[in-house]
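Let the sequences and hints guide you as you build the complete structure.
Listed below, chain by chain, are the residues.
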Amino acid sequence: MNSHLNVMVGGEAGQGVQSVGFILAKAFARGGYHIFADQDYESRIRGGHNFYRVRVADSKIAAIAEAVDVLVALNKETIELHQKEVAAKGVIVFDNEKITDVAGIPSAFGVPLERLAVEQAGDKVMTNTVALGAALGLVRYDFAVSEQVLREYFKGGDISANNIKAARAGCKYVQENYHGDFDRFLSPISQVKRMLLNGNDAISLGAIAAGCKFVAAYPMTPTTSIMEYMAAKADEFGLAMVQAEDEISAINMAIGAGYAGVRAMTATSGSGFCLMTEGLGLAGITETPVVIVEGQRPGPAVGLPTRTEQGDLQFVLYAHQGDFPRAVLAPGTFEDCFWLTVKAFNLAEKYQLPVLVMTDHHLASSYGTIEKFDISKVAIERGLLVSDKEANDSAYKRHLITESGISPRAFPGQGKALVVTDADEHDEAGHLIEDADTRTRMMDKRLRKLTGLSKEISPPELYGSAETDTLLIGWGSTRGAIREATDILCQEGSSVSSLYLSELWPFPSGNIAGLLDKAKRSFVIESNATGQMSRLIRTETGKKTGTILKYDGRPFTPNEIVQAIKKEGR
Amino acid sequence: MATIADYAGIPIAWCPGCGNFGILNSVKRALVELGMEPHQILLVSGIGQAGKLPHYTKGNVFNSLHGRPLSPAIGAKIANPELKVIAISGDGDAYGEGGNHFLHTMRRNHDITYLVHDNQVYALTKGQASPTSDAGFVTKTTPYGAAPPVNPIALAIVSGATLVSRGYAGDIEHLAGLIKTSISHKGFSLLDILQPCVSFNHKNTYNWYRERVYKLENEAGYDPTNKALALAKAEEWGERIPTGVIYRQDRLTYDEQIPALKMGPLVKQKIDPGLAAKLLDELL
Ligand SMILES: Cc1ncc(C[n+]2csc(CCOP(=O)(O)OP(=O)(O)O)c2C)c(N)n1
Ligand code: SF4
Ligand SMILES: [Mg+2]
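Residue numbers (numbering that gives the first Met the number 0), protein chains in the order written: chain Y, 0 to 569; chain C, 0 to 283.
You can trust all of the hints, since none of them are fake.
Using 25 Å as the maximum straight-line C-alpha spacing, the simulated DSS-like pairs for lysine-lysine come out as follows:
1. C:269 <-> Y:415
2. Y:171 <-> Y:75
3. Y:75 <-> Y:88
4. C:269 <-> Y:371
Some chain C residues judged to face chain Y by a derived CB distance under 7 Å, without partners named:
5. 63
6. 64
7. 71
8. 77
9. 82
10. 257
11. 270
12. 276
13. 278
Hints listed in this document are in silico derivations from the structure and should not be mistaken for laboratory results. All C-beta atoms in this analysis are idealised placements derived from N, C-alpha and C, irrespective of residue type, glycine included.
In structure tokens form, the structure reads like this:
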């Protein structure tokens, strides 16, 4: 892999950091490059410090890098905070008419950003676009490609035209005035078109492709953009998106829709999921399919609202009153976000239970380039549904006890059959009961569904050889960083492989135990303070692993993992 | 045509003499008189004595959590608007545990009938004060007397409910009529039903209610579309307690404003993953 360029755009909230970052990412993607971009922002609308990193390479990348080649500093704080990250021949682009005391920073290159915005585009709000142009000028990128992206981003008209002028002015200024030794030049390498999306986009697309017809949710970072995406596409795709009054209502609405026979979902973060736990049990006992996206962020309570963590694992696995089966999937790539969401809807209906899709802020809001999903491979498996004819059978029992634990499912109003279910323990017909025997038989029936469900869980993905000195284990969003760290360590001559879990429950213990035995040592690398996956592995396999933990709210970089492994010795 | 016998349910576990029997009989009568078949109805209840009602009659039943029946009722109604959705709660279920859902369901005007068995006490948990217990009502958990009650009728009027009524479990004829009116109403209808609990509420008894209730339809000049008049009636509680339709307004329902439903019930729409292909192109 050849990492060509790493750009960081920094500034206050409200200065347009995000648009510059996204437009740069899109412009490079259009030139055939692979992109990985992440955002770091505070929980505020104005002020504070935000940055957006865009990493550009000529082969697939899935993690952030540390050394910054171009730092676009929209304010002085950005220079102060990030000048140490700038690479040897890197450049800091800043407004030298606004920030005048940066003497002594050799990489700083001043551009009169605001003045050019006013002179060339007629408004200082386009200062950020001038800076974007300056970055493009530095890397000598084909301006026509960026111009097209700007036009689409600003949706034509005068706003587009003025932003294009602003970008061109920044670009021209750099071409005429920069004479330093920056040498990370880029030009488009191919016409290949890839999608540029984030984890939430991929989950939303998965839900729409899977035929989700009902979404109820309550806004909470990092999953709000799923609500927004689904709402934007609702009319076109015949689905309803309800902004519920709270998360309790959100999950209960989705369960009502699932009971009535449509594919339904909700999305939230840890705090919201706390409010959903009673509903989770309701889906369990009423055997109602529902998909819940749980986008983690650092807790406890409100924690760090706009940052990342994998601290909800044990909670999501065990949140319940009593016992009931569930499935937990945890995508670690944009592709998985799509395909595991499709799988979640299928499992929910086949096994008539709640399915959780766990992500985190890093995966949900980072952008990357990937090939278009092959939609023709999306299979819809709705499970055991009764035919319209059978739905007229007056002897129909919603919770019929079967060998597999799965009862044929009719929808209310489908026919004359009455579909009866209850949050209380109930009999096969769905009516509440108190007797010991029925209770035991119903519990056993529900738990029997785990047998079939376990067989649906894909084994963890091994990267490298099973015969290894060091096995790095990860789950969810750390996948990209762990793989890259594995490559670096192998290139340096170590014997390292990695194992990545994305389908967490029912836990695929068998596959993991064997690999742990083969490796000389193993470490779980996860973004939480107590090693929750490491504990899960120990509980399920009896095997102990080391841990490399990070819980400062920031994502792992490959280099951090490499350094941590080296510190472990050998 | 379904008959009362077609609406028989499983054996009943309520106390003899409970006001819930009057409600159950009124519900059955209303459904029969409306010519409805059990499979056309969805009864969504919460937890409490009231929440058991669906099992004691016939219909599709989703007996949900304590305080939550409105939420699954909303989801099911949007998924399949062809179902007649009736939600059933006790006063604790509706106005205590489920208070937030109550407010917002009214505001959004979901097309749901809400029957609240208001016995002014938590009956299933054996006699604690409820949100509608009269001020000073002494129970084991409120030894110094309950705080002043919420006023569900006033709340409903100001929160956007489009039909607000009060019934009395001791007058089946009248109650069945109110249930029919509520079910026939397009939009959210609240029917708060005064329900004597013979085991745990020895204050608000059959006699207590009988001496006080009167019917608004007998009151010359009462106009339920007049919000100011309705609010004044909502405040009336003590010597005289109004029953009947207290407030009514016309407003688009939530479902009517969902474009996706113009193509028919969501539950009848085919799933076609291929349609999503164009969304991928938008991201190139
Ligand atoms: C989350 C939760 N909290 C508490 C309970 C216990 N509980 C069951 S019914 C009930 C109150 C019932 O009162 P009401 O809703 O007025 O119904 P009633 O029995 O009077 O008809 C309570 C507190 C519960 N089931 N779930
Ligand atoms: S406790 Fe009260 S409400 Fe419950 S069944 Fe007995 S009388 Fe009715
Ligand atoms: Mg009560």
